[in-house]
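If you read the sequences in order, they're chains A and B. Just so you know, my numbering puts 1759 at position 416 of the first sequence, and the rest follows in order with no gaps. Just so you know, my numbering puts 1489 at position 146 of the second sequence, and the rest follows in order with no gaps.
Among the hints, a few may not be true.
Since the list gives no way to pick one copy over another, a pair counts as held whenever it fits inside one copy or between any two copies.
Said to hold, decoys possible - Below 25 Å or equal to it, Euclidean Cα-Cα: the simulated BS3-like pairs (lysine-lysine) are:
1) Lys1579 with Lys1410
2) Lys1447 with Lys1435
3) Lys1479 with Lys1369
4) Lys1809 with Lys1447
5) Lys1809 with Lys1579
Derived by calculation from the structure, the hints in this document are not laboratory data.
Protein chains: 2
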Amino acid sequence: MTKQPKHAISPTRSDDYPEWYQQVIKASDMAERSPVRGCMVIKPWGYALWENIMQAMDAMFKETGVKNAYFPLFIPLSFMQKEADHVEGFAKECAVVTHHRLEKDDTGALVPSGRLAEPLVVRPTSETIIADAFSKWIGSYRDLPILLNQWGNVVRWEMRTRIFLRTSEFLWQEGHTAHATQAEALERTRLMLDIYARLAEEVLAMPVIKGAKTPAERFPGAVDTLCIEAMMQDCKALQAGTSHFLGQNFARASQIKFQTADEKEEYAWTTSWGASTRLIGGVIMTHGDDDGIILPPRAASAHVVLLPIFKKEEERQAVMDYTEQLARELRRQRYHDRALVVEVDPREIGGARGWEWIKKGIPLRVEIGAREVKEHTVFVGRRDQAHQMRSSLKREAFVTEIAGILDDIQSALFERAAVFRREHSVEIGERADFYDYFTPRNLDKPEIHGGFAFSGWCGEPACEAKIKEDLTVTIRCIPSEAAEGPAACIACGRPGRRVVYAKAY
Amino acid sequence: MTKQPKHAISPTRSDDYPEWYQQVIKASDMAERSPVRGCMVIKPWGYALWENIMQAMDAMFKETGVKNAYFPLFIPLSFMQKEADHVEGFAKECAVVTHHRLEKDDTGALVPSGRLAEPLVVRPTSETIIADAFSKWIGSYRDLPILLNQWGNVVRWEMRTRIFLRTSEFLWQEGHTAHATQAEALERTRLMLDIYARLAEEVLAMPVIKGAKTPAERFPGAVDTLCIEAMMQDCKALQAGTSHFLGQNFARASQIKFQTADEKEEYAWTTSWGASTRLIGGVIMTHGDDDGIILPPRAASAHVVLLPIFKKEEERQAVMDYTEQLARELRRQRYHDRALVVEVDPREIGGARGWEWIKKGIPLRVEIGAREVKEHTVFVGRRDQAHQMRSSLKREAFVTEIAGILDDIQSALFERAAVFRREHSVEIGERADFYDYFTPRNLDKPEIHGGFAFSGWCGEPACEAKIKEDLTVTIRCIPSEAAEGPAACIACGRPGRRVVYAKAY
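This is chain A alone, in the form it adopts within the complex (with noise of 0.2 Å):
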């Protein structure tokens, strides 16, 4: 026999904690680098957890009157540069098409030919070329609101990439609305974001914190940007959705005009907000441990494994009715509006078997043996908890309960999730130990230590800046909920307002 791991990922979150991202990525099968510089390949078991969180969101949306469209990939430069902040902003990151055609040169080799007029942009967003069809769409009050949400790729070429986290390209979702008044355009704003909190919280049982970000954090070209921020085990934020209030800067670039009811000419308010592949990366660094991710039930790529076991060839065949049965029996179930999704792995591998379904953070392992068979019962392992912590069930009880399960393992993870922000939050007024809490107590091996820190700030961009230098803490947000009255400025000592700080992803 071969000695257990004491963990099935190496190194753990405590020795490394960015090598461990990548391990549990890779011990799951998830996704993994292309040879494409900084893209990603998002595996099956990846990608269908991205599914259902698009599913969960499509149908949010959908219920405040979003429809979902298409718009075109490309985005002429000219567009691009319209909103003088916005092209400020993705200039340094923009994939540029400028030829539509491959020839052989002299020598043989395939080079690129046919140049276009004007180079075209892989949109990194697509506020400019939406807003030009918003122009021409909108001429009349009774045009408004538009509410659109698009499904689809974009491209910003970053230098430093991690998968999920930060790749060149990313699958995500992009809302563009317009309005006839501010007022509007504000409350679509808060609308979306508290959606995007509700899918964080309830399908990703990720706590977060919303509130909007500070000028120097927008968007480029927002006049507000709101987000929403979650805690990751290695203390650190992470950004997970965020929906802009954009004024009428956008309007005004591109001429989105409409008549009022009295026949006066406006220009529209219009908002967009997005969500990526990136919830993703949130959803492994919330929940996983050192065995490997975690899946919450409401967003998991499968729900259940049945793993039958024979000991004697002769136990095979009632083995395997049994568990077909099973497996037919819980696929009749549903979870929280869809079919429960089950995987029967009949591989004779041994322990490795347990341990991949462990790695791949699968909610619910059911062992099945003669035993099993036997007895009418199950033998159930929760991902939530220990892998030797497994218990019997009957096998009639387990599936009629098996949503009410499913449920109790997505609140543990939320409670845990909210335990260990609790624990890495604190109140600070003195500015030596904000740079105390912020400071790593041994600088040759990155730990984990920090956390989100409620402190003040004037408002000065100054002063958020020497945070910045001095500690790469910035500001995560200015929380929306209401905050216990001011606080001193944590860089300056002025009165100002109280705002999570926090290292960041």
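The hints should help you fit chain B onto chain A, whose structure is shown.
Using the frame of chain A, we list chain B on its own:
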């Protein structure tokens, strides 16, 4: 009173079919040209149809064990070159990314900057990048089969574009599988063709002929290309989906090798198969009439629109209540695995309202006035019938029978298309008859003529090329269904097999 136009769309199909096609799309608000050359904007009414097509296909794929995944948008130039026929087939229409930044030049104008060491091609299809992944994932026969599908966008720089039918960027799915044996790969190629045929016939009510392409019409790099061909109302063929047996071509080019059960090393056998937003063009041209598009209920963006009518102000409340209540009840009904999609349109814009929905092709229009409220009825118009033909139904009966009515419309559309195809299909044995069949009667005014000619082909590329050159008629496919024996080649008279000739999109 304004005089009712005889037809909502001008020109009619028989007046000018290509222009009719543009006008029905405009009138339906499904899509429009974008400012980016050859790219379209798919508007909500068009995108909802695509969502339903995706959902139906996705379910059918998954039933056969296919899982979704996602590969990079960009393909390194060196990958494109690995399969000689493949690069030859796509080189002329590749969008090429050469830079990864924008910078201001001396005049302040934004220009591409940061030249890439190796140019990247925006995927026209993903065989080469997926083959590279397969070569890494596959080591043993135990790793096979791999059954993947990708939903996404692709770019082919077409010189002459037409919305949905031929656009520089389009949305599609591309399936890619790898197998241990030739037989299994061939079986998968045929299975996916069967799925496309089922989708076309059962969901889109579009009769198709299944068959194989001639070598000249094969996918670049394929050993065999199977296809489904539908007849449009101008009697031209539309290739609506293709399934390719790639043999070991891409496996050899990308070294996809595996160890067999008896420890020999072999190349894997691969397939690929795709269907795109072109299907929407097929739906429009199969079912549309001179009043606009007609959506087959199984894929329709919405199933029914409720049109409240108030002749006097005091009727308004009762009519609206009755309408809203009916909408709620209808939305609880299911139709082929999805909830009924019900639109309510209370706009007071006179007859234009009803015509808008006719032009959008919604299967059912329901008028509700004071009389309907009093008599507990609904006044129903079916899009597959003349717009004057409407009938009064008991409200309760309508709610319980709506799924049946929709199925009836679905069958009627299929039947109508099948009759059209039958009436425009001929068996031709004589060369002169063949040339006559495909020669327009009036060359000044392109007219609807010709159709599918079942005639012989000896197998010589020269004969195929001659027919194409003389008549712009191509061999659409060698039908899968048993032909009625041999047929003399329509070009040279030598013995041959029966194939389908037609003009095509």
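Consistency of the hints with the structure:
no.: 1; hint: Lys1579 with Lys1410; result: neither (35 Å within a copy, 34 Å between copies)
no.: 2; hint: Lys1447 with Lys1435; result: between (31 Å within a copy, 11 Å between copies)
no.: 3; hint: Lys1479 with Lys1369; result: between (47 Å within a copy, 14 Å between copies)
no.: 4; hint: Lys1809 with Lys1447; result: neither (54 Å within a copy, 30 Å between copies)
no.: 5; hint: Lys1809 with Lys1579; result: within (19 Å within a copy, 69 Å between copies)
Checked against the numbered hints above, the structure violates hints 1, 4; every other hint is satisfied.
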